[in-house]
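Fit chain B to the supplied structure of chain A, relying on the hints for placement.
Okay, here's what each chain looks like letter by letter:
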Amino acid sequence: MSVRFCVNGREVDVDVEPRLTLADCLRHHLRLTGTHVGCEHGVCGACTILLDGAAVRSCLMLAVQAEGAEVVTVEGLSNDADLTPLQKSFRKHHALQCGFCTPGMITTAHALLSEEPNCDAARVREVLSGNLCRCTGYIPIVEAVLEARAAYRPKAQAGDRGGDRA
Amino acid sequence: MRTVNSLIGSPIERLEDLRFLRGRGQYVDDLARKDMLHAAILRSSVAHGRIRSIEVTRARALPGVHSVITAKEIGNRVPRVPMRLQPLPDFERFGQPVIAETKVRYVGEAIAVVLADSPGIAEDALGLVETDIEPLPAVADRHASAEDRSLLFEEAGTNLAIRFRAVRGDAAAAFAGAPYVRRERFRTQRHMALPLEPRGLLAEWDAARERLVIYGGAKVLFFNRRTLAKQLGLPEAAIEIVENDVGGGFGARGEFYPEDFLIPFAARLAGRPVKWTEDRRENLMCINHAREAECEVEIACTREGTILGLRGHAYVDVGAYMRTNGAVGARNVAQFMSGPYRIPNIDIDVALQLTNKTPVGTYRGPGRFETDFFRERLFDMVAQDLGLDRVAFRRRNLVSKQEMPYQIATITPFESKDEFDSGDYQATLDRCLDEVNWPEKSKLAGKLIDGRYHGLAVGCFIEGGAAGPKESARIVLERDGLYSVYVGSSAIGQGLETVFAQIAADALEITIERIRGVFHGSTSYVNDGYGAYHSRSVVMGGSAILDAAAKLRDAIRTWAAQRLNCQASAIEIVEGVKAVGPGGNSIALNELSGESISAEGAFLNKKHTYTYGAHAAHVAVDPKLGHVDLLDYVVVADCGRIINPLTVHGQTVGSVVQGLGGAMMEHLVYDQDAQLLTGSLADYLIPTASDFPNIRAVMLEQHPSPINPLGAKGAGEGGIIAAGGIMANAVANALSALHVQPRELPLTPTRIWELVQAAPR
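Chains A and B supply the protein sequences, listed in that same order.
Position one of the first sequence corresponds to residue 1 (the working numbering), numbered consecutively onward.
Position one of the second sequence corresponds to residue 1 (the working numbering), numbered consecutively onward.
Just to be clear, a hint being listed does not mean it is correct.
Covered, in the sense of this in silico footprint (three residues per stretch, anywhere, with C-beta under 8 Å from a C-beta of chain A), are these stretches of chain B [claimed, not checked]: (1) 239 to 248; (2) 489 to 498.
Calculated pairs, SDA-like style, for lysine to any residue (alpha carbon to alpha carbon, straight line, at most 25 Å) [claimed, not checked]: (3) B:Lys34 with A:Leu20; (4) A:Lys92 with B:Leu700; (5) B:Lys34 with A:Met1; (6) A:Lys88 with B:Pro645; (7) B:Lys607 with B:Gln86; (8) B:Lys447 with B:Pro645.
In short, the hints are calculated from the structure, not lab data.
For glycine and all other residues, C-beta sits at the position ideal for the given N, C-alpha and C.
Next up, chain A with everything else stripped away, as it sits in the complex (with noise of 0.2 Å):
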């Protein structure tokens, strides 16, 4: 089957098995080796993606399913140049080991940010729940994600620094 979407801003058209999740499809057609896929049951999240926007698993979508939608890997949310503010603190924060993981947590990780630049550690531990890591014990990822908040803040309030601490 024949399947139209746009990935990290780029049209792409490509002829899939009904059956090939997107994962697959953005892994091996595609070839976007960021995403990986740690359980194909939908439990891990290191397959997350941004999907329209959203957090989703993209081991629990067939790629047939994307057709039309707007998809965001962690290859999207990188540039050549330098580390983004997220990435920086990962860097900083020690967040990340294997590295197996971090895609999945990139970019859950960016969709909350995006959605609720002042959340609090409970709501970031709640979000990241979804993400297993095996590496960190996740207490660096936390601080990570807590630290690049204010780079997600409209300029107005970057200096606010919500009230919460981890």
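For chain B alone, kept in the frame of chain A given last:
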């Protein structure tokens, strides 16, 4: 500002992160080759049975299927997975054929490999393979195993793989005259490393050059190459094993598994690249399991709390086969039950019992997590019996600084003596008590506040590291003046490239930017490598880098002396960029006209490093729900010289949370037919971001190791080792009014609720 020699000890942000954060890491499943075949593996759904027939005709006939491989296609003698560590002759009888031959012995054992044009077709074809397996009585636990009624290996006549014994002093004499003895029975549950990235392999056979390249290696590339070369009848030089980015190891990933033979074999047979990616269900039933241990131990003490002896029996369920490092956990259960404590008389044996379950191997802190639970639980019971303060009891029995190096129990039959290298175990205990504010917090012990009982616990651990015999490194001064570092160590996500760049740059007296890269992932980079296990990379690989750097600086001096017409000893190398002779004449090192200059180094070692420290926890337990809220958890550890405070701290915190998984939730459950009931991540629970928000780690470097030039000790396992014992003691302390004594892990809400219900009222 110092530009050189300031990297070791600095919290350098990791070099690896730049690719991982942008989704540019390259894990093995990210690789693809034109004309590549995809492998899927048919696995036994029967725990124990005799293979009557395997019919593959229908599978082979499916369009898109290239071939189906069973034991028949492998040849007359199916190769066995070897023992990498403790290769005792006794174990050979219990070796795993790389594909089931006459019997299947666990759910998940490979029966057939399908090669097809797509992963989907390969998986479709698995359903068309018809197997006829005569079921045999499944040996589902160590008790059934010891009965020897149903034998996994009939020709061996027993399900007992071996019995190790750890001895120190004279336990019988110590117990004979002891004023106080207590006997207890404890158990830890089967659980596993669960690296987040499932395993995978991509093998390419070049028929013209008779050369095999395998991607997806990890941990012990050189051992695996030796093994595969023998099995395939190829010279080692004809095989290259490449390590890509690796999504976590924790002991399990990278050992030689059946697939490490099957996929390269398939590529050679098909004459096309073959890729295999494990799915999570396969991962849960195929990668090494660990930790299923039980003990009946006795401790003898004076009334004042001086430990006189420890003796007893332990039992480890090793699963269906003895493979690679499957004896290490059990060995450690015997040798390290005494932990960091002075126990003069020890006699502990451990039986390695075969069962129809997935074979075991090492998992971070092998044998230590188990025995820390046994020992620390026992200590709290003893202190309570004797009316002694549990901190004072530990303090009295910790090995002291003056006793270093301290000889621990000796293991037979694999004769192994060992000693603690250095440290002040009291100091880390003191610091841990300070950090958790013990005098204040312990007032809460056993108190019922807002419907929850509060509990405190503290205990001590040691962590072994730096396994020998050797590691290799090679450093090249490139023609453009940059330095390339090649090592035999492996990266499994621990930040090796960064810490090795720090070590190399300081040793070469250059800035980190002058390191072109740390290259670690191939059997072609150094002649001989040993890899990443037993917390050995920094000590062994790092010390090898020091040696290579010293030799490279000598080589640069010799090279420069010839050009400046002077003695090599008169040459000074300035910041790695120029060589200066006696008269001030100098020569730039960033424009070597001829060849690059290179030097090889090595570090040989027969001893171990011992990182040590203490853990403390404060919990609140809801007796109605059995839920445990971890309010505070502190680790204080001294790991000798710290290379990168950021990464060692991160590994410790991560290690604690992994240990809390083993303490509180993780459990590979089998039924009485030895069927695995926890075959998905919805059934096998690991900690998530909302489970344990309060973890702290304090890393010290007061006592460098005397056994290596860096003074470093292995680190990264200390967080996991004590977690089970600490949590169980904290829960017992909280529920002391109900006389609850956990003797088994994990401490799930159900188990705690049951203990509360069973409590005498």
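Status of the hints after comparison with the structure:
| no. | hint | result |
| --- | --- | --- |
| 1 | 239 to 248 | holds (count 4) |
| 2 | 489 to 498 | holds (count 4) |
| 3 | B:Lys34 with A:Leu20 | holds, 20 Å |
| 4 | A:Lys92 with B:Leu700 | holds, 21 Å |
| 5 | B:Lys34 with A:Met1 | holds, 22 Å |
| 6 | A:Lys88 with B:Pro645 | holds, 18 Å |
| 7 | B:Lys607 with B:Gln86 | holds, 16 Å |
| 8 | B:Lys447 with B:Pro645 | violated, 37 Å |
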